[in-house]
Structure formats: structure tokens, C-alpha cells
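S.K.: Mind docking chain Z on chain B? Use the hints.
2 protein chains.
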Amino acid sequence: MSKLLDNVCGELQRLPGIGRRTAMRLAMHILKMEPEVVDSLSQSIARFRHDIRYCRSCNNLSDGDLCPICSDTRRDGSVICVVEQVQDLMSIENTGQYRGMYHVLGGVISPMQGIGPSDLKIDLLCDKLLTGTIKEVIVAISTSVEGETTLFYILSRLKAFPDVRVTTIARGIGFGDELEYVDELTITHALMNRREVARE
Amino acid sequence: MSKLLDNVCGELQRLPGIGRRTAMRLAMHILKMEPEVVDSLSQSIARFRHDIRYCRSCNNLSDGDLCPICSDTRRDGSVICVVEQVQDLMSIENTGQYRGMYHVLGGVISPMQGIGPSDLKIDLLCDKLLTGTIKEVIVAISTSVEGETTLFYILSRLKAFPDVRVTTIARGIGFGDELEYVDELTITHALMNRREVARE
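Chains as they are written, first to last, in my numbering: chain B, 21 to 220; chain Z, 21 to 220.
Simulated from the structure, these hints should not be mistaken for lab results. In this text the structure is predicted, and so the values were computed from the model without any measurement. One thing to keep in mind: the hints can contain errors.
The list treats identical chains as one, so a pair stands whether inside a single copy or across any two.
Straight-line alpha carbon distances no greater than 27 Å define the calculated DSSO-like cross-link-like pairs of lysine-lysine that follow [to be verified]: (1) Lys155 / Lys23; (2) Lys52 / Lys141; (3) Lys52 / Lys155; (4) Lys23 / Lys141; (5) Lys23 / Lys179; (6) Lys23 / Lys148.
This is chain B alone, in the form it adopts within the complex (with noise of 0.2 Å):
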């Protein structure tokens, strides 16, 4: 077999989620398309290894110093929104609802992936809350065990500025989402936070 073919097969198959099949089905693919958008596929690759940065502020990636979000002066400087991992940032910025900064820990706490809370950017979230200019910390990060556990930490942590309002993302039934397949704990926690439905 050709040696570049099992060479960028072997490659590509280090990847999550591509096999044996995928990997020569993208080699293929790759043959067909023009040299140039191949090195420039190749470089960015490579590229955005070598050249990201983390935001020093809310640990976001970043191409610079500081993150586009952190550097937007029309920014609500006041909310921090604290999350797992730049993707949940990323969805919640695709709302285009929220207007306040973020804080991405890089993970959450699980002792059984060896992860602890120094892990995490929680001195870094606690330093931005010692210039007191923060109003609120909204906790938005999954409801799993380990989720629980890490906003556990940070609400111990929190105690320290009993002046921040802090608050976690409401849990409930989704758009779209069918009542019969919803697990018990979520519509438990749907019927508590029920909301007045105004008449007129």
C-alpha cells in the first residue's frame, strides 16, 4: 500500500470519532480537492496549534492577550457567566441574548479523571471578583455529578463576597421537548420553578 496513503490515514485516525473507513474516505476526498485548499486546510490545522492563546482574563481561546469578548468595552462588565468549556460559551453567545463577560473553567471537578478544583480557573474567577466591580456570577455549567460538585466548590468559594449576587441557569423543560420523555428530576424541578402565567 502506498506509504503517504497509510501515513495520513494512521494521522487522521488520532482524531475523536474517525475510524479505519472514515479515514480513507476523507484521504479520498482529500485527493479530489485543489492543492491549495489542502495547504490551507494543513496549515490552519496546524496554525491554530501553535499560535492560540487563552484569554488571561476569562480563559477563552484567544488569538491575542486578552479575548474579543474581554476586550469589548460595550460589554456588560458587571455579570460573569461561568462555564465548563469554550463551547458552552460559544452556544450561549449564539443566542445573541446575553451582553455580560465570561469565565471558562476548562473543565469541571472529577476525581476519578484526576481533575481537581486547582485544575480549574477558579483562582483566576475569584481574583476578577476581588476588584468589586462584580455584580453577578451566574453559574451555568451541567447538571451531572461532577457539575454539581464543581458549583458546589465555587459556592464555597463565593462565600467570600457575600456582596456578588450568584445564580445558576434555570433548569426546565426545553423548546420542543415532548413532557412524556423528560426524566423525572427535570420535570420535579420544572414544577417548582413554575412561573405565573399573566392573564391578558
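M.R.: Only chain Z this time, still in chain B's reference frame:
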């Protein structure tokens, strides 16, 4: 959003089966890989596209002028197995049961996609038959309408070589296939091509 991230996600989405979310997941995985490993991935893609060649004898992917199969003198040069694409050649090679040569057409005749006989390496196949050393041509292309059209075209061209035996691979019920779910045409062929069982 980070331009480097945007860039790598956009480039990854040029690949088949990779959408916005998958591109993001791949990018996040790339971030966790060692820089040298990412360089090796990136370079293997570019090298593959630039340096790959097609075997001048069988049209298989090759690192040089002749592919490893065509340059292997221990193989049976009197039999040629005609396949649609390199992946099919590999599937047959993986059985470890075939010791003849191959011929990669590079597609099948498809008027819908504007692929005519001259776009396939059929002349190259006939040139090989002119040498007089070939005893058998096994046509192993798919049973789609395009595949059958291609088969008939090849058969018409091979009429010029009456001494060469032309065969197609057997159609039948695959191992592990349940008869209940096999289509009628396959069952019909499997019945017609039934084999006597040796009673010792």
C-alpha cells in the same frame, strides 16, 4: 470569536461528513494534542495531496511510478481484477486471498455525472491486454445501473481479446446475512448460481 479557531473549523468543514459541531469537537481535540503530533498530522495531509501518484500500470495510488502491487514480482501477472476505486482494491487485498494484479478504473460510467468511458482507464486496460500475457480479467465492480453499464462497455471492448477469459465476482447471500432481509434480485442470483454440496 478567535480567528484561528474560526479558520480551522471552516477548513475542517470542507471535508465530507464534518459539520459545524464536529469541526469544533475536532478543533478542541487538536488543542489537547502535543504540538509535534499536530504538525505530523498537518504535514501528512499536505504531503499526501502533493506527492501521491497514480501507478502507470494499474492506476492504483502509489508513492512512485509503479505501485507496490505492480512491482511485486511474486504476484500472478496473468490475472487482472478490475475495480472501480482504490478502496475496492484494498477490500480485496485485505482478504489476503487474491494474488493477481489489479486495474483501477477510477469510477464508473455515469451520464448523470458526466463520466463517460474516456474518463475511465479502460484504454490503459486494453493496452495491457495487447501484451498477450493476460489470461483472465475479473470484473469486480458494483451492481448499480452505472456499474452494469460499465461492465457491458468493458465486455464490448474485451471482445477484441477472445483468448482472455472474462469473469465477474459471484453475487450471492453474504455470510451473516439473513435471507429474510436480502433483496429479491440477490436471492434470484444466489439460487441460479447454487452449488452442489459434496457428500463425501
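S.K.: Now, for every hint given, state plainly whether the structure supports it.
M.R.: Right, here's what the structure says about each hint:
In this assembly of identical chains, Lys155 and Lys23 lie within 27 Å of each other by CA distance neither inside one copy nor across copies; the values are 59 Å within and 30 Å between. Taking the shortest alpha-carbon separations for Lys52 and Lys141, only the inter-copy value of 17 Å comes in at or below 27 Å, while the best intra-copy value is 44 Å. Taking the closest pair of Cα atoms, Lys52 and Lys155 never come within 27 Å of each other, the shortest separation being 54 Å inside a single copy and 34 Å across copies. Taking the shortest Cα distances, Lys23 and Lys141 sit within 27 Å of each other only across copies (23 Å), while inside one copy they are farther apart (43 Å).
Neither within a single protomer nor between protomers do Lys23 and Lys179 lie at most 27 Å apart by alpha-carbon distance, with minima of 60 Å and 37 Å respectively. Proximity of Lys23 to Lys148 under the C-alpha cut-off of 27 Å is restricted to the inter-copy arrangement: shortest distance 26 Å between copies versus 52 Å within a copy.
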